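Asks: This is what each chain is made of:
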Amino acid sequence: MIDFISRLFNKDTSSKDVARERLRLVLIHDRSTVSPELIGALKADLIEVIQQYMDIDVESLIVNLENDDDTMALIANIPVRSLKRAI
Amino acid sequence: MSGKVLVITSGKGGVGKTTTTANLGTALAMLDKKTVLVDTDIGLRNLDVVLGLENRIVFDIVDVVNDICRLQQALIKDKRFESLFLLPAAQTKDKTAVTPHQMRNLTNELRQEFDFVLVDCPAGIEQGFKNAIAGADGALVVATPEVSSVRDADRIVGLLEATGLRNSQLIINRLRPKMVRRGDMMDIEDIIDILAIELLGVVPEDEAIVISTNRGEPAVMNNSSLAGEAYRRIARRITGEKVAMYNLEDNENIMARFMRMLKLAR
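Protein chains in written order, with our numbering: chain A, 180 to 266; chain B, 48 to 313.
The hints are simulated quantities; they were obtained by calculation from the structure and are not laboratory data. Every value quoted in this text rests on a predicted model; they were computed, and no experiment measured them. Fair warning: there could be bad hints in the mix.
Below 16 Å or equal to it, Euclidean Cα-Cα: the simulated EDC-like pairs (lysine to aspartate or glutamate) are [to be verified]:
#1 A/195 to B/231
#2 A/195 to B/240
#3 B/80 to B/193
#4 A/195 to B/193
#5 B/124 to B/231
#6 A/195 to B/236
#7 A/195 to B/234
#8 A/195 to B/237
#9 B/225 to B/254
Calculated Cβ distances over 12 Å to all of chain A for the following chain B residues [as the list claims (entries may be wrong)]:
#10 112
#11 119
#12 128
#13 158
#14 159
#15 198
#16 199
#17 229
#18 271
#19 287
Each residue gets a CB set at the ideal place from its N, CA and C atoms; glycine is no exception.
With the hints as extra help, turn the sequences into a complete structure.
Replies: See the structure below:
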């Protein structure tokens, strides 16, 4: 009762709002983590496509999914050895 | 005849998968649907005690998939309902004793004979989970209104989708209306918003569940149990009937209602 009255007067966030907000954040993170298998498959496909246009250093190619609070980005670092002759 | 295979799963342990399986199975049998409950929690079998059938087990699911006995020999007939059967888990083996392929064959055999095949899934996302979902047409995801349970349910929904089960339905278990009104428990909308799956039903926290589990008699047999009533409604929805959500506010007293109005008006 006292708890209720105090809540009536000061706008404390209720514990369920805290729960909902924490869940929202943790799920953004959970949902953004992708399996190493998926990244591996993506890498293989990228290499195949890019190699049609240029000679790349497959060994030092890096592909990563990075997230920043609310946004997500696929960051790829692909060293190019040489361009192919114009078709 | 080709029955429906539904897996009851949650990710997190202790949220009420087995209780849900026992109650929905019993409620479906009460609706004259021929129903079999399959306990896939190998090594930690529990569905038999919740149903009060622990003394009747001779063979189990591992015996069936290894052809040690025929399926019919392992099925235990419920003592109260003609159309309810249990296929118990093995207690002495581990979760690798059955493969997803064997599970698919087993559920396909069962669906020839039953209207509903309810598969009680073990906690976790390892082999036991993969086995339990292998032969399912749909999944009922059980979650309690807690951060840990909802988080695990989200992961489970993702894993189910990855294996092609895209029609998961949610059962919110152990909701405490008083705490929700006080703002100390996530409400139904919060949880549906987060998980973004269809809601099949809400089961309130109810002491009758503990009592009925003590006795080995599912709460759906008790007409005065709120949880029992909620499970009976969910069972009717499973059969395709449109049933209104049970109004959890009914037990609210006048004073509480007045206080809530005050709060809304502020």
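Asks: Next, verify each hint and record whether it holds.
Replies: Verification of the hints:
1. A/195 to B/231: Since the Cα atoms of residue 195 of chain A and residue 231 of chain B sit roughly 5 Å apart, the hinted pair holds (cutoff 16 Å).
2. A/195 to B/240: 14 Å, holds
3. B/80 to B/193: Judged against 16 Å, a Cα distance of about 33 Å means the pair is violated.
4. A/195 to B/193: Between residue 195 of chain A and residue 193 of chain B the Cα gap is close to 9 Å, so the pair holds against 16 Å.
5. B/124 to B/231: Violated: residue 124 of chain B and residue 231 of chain B sit about 43 Å apart, past 16 Å.
6. A/195 to B/236: With Cα atoms ~12 Å apart, residue 195 of chain A and residue 236 of chain B stay inside 16 Å; holds.
7. A/195 to B/234: Since the Cα atoms of residue 195 of chain A and residue 234 of chain B sit roughly 8 Å apart, the hinted pair holds (cutoff 16 Å).
8. A/195 to B/237: It holds: about 9 Å lies between the C-alpha atoms, which stays within 16 Å.
9. B/225 to B/254: Holds. Residue 225 of chain B to residue 254 of chain B sits at ~15 Å (cutoff 16 Å).
10. 112: 29 Å, holds
11. 119: Its Cβ never comes within 12 Å of chain A, the nearest being 41 Å, so this holds.
12. 128: 39 Å, holds
13. 158: The assertion about residue 158 of chain B holds, with a minimum of 32 Å to chain A.
14. 159: Since the minimum Cβ distance to chain A is about 36 Å, residue 159 of chain B lies beyond 12 Å and the statement holds.
15. 198: 6 Å, violated
16. 199: 10 Å, violated
17. 229: Check fails; 7 Å does not lie beyond 12 Å.
18. 271: The claim holds: residue 271 of chain B sits with its nearest Cβ about 29 Å from chain A, beyond 12 Å.
19. 287: Non-interface label on residue 287 of chain B holds, nearest chain A Cβ at 32 Å vs cutoff 12 Å.
Hints 3, 5, 15, 16 and 17 from the earlier list are contradicted by this structure; the remaining hints agree with it.
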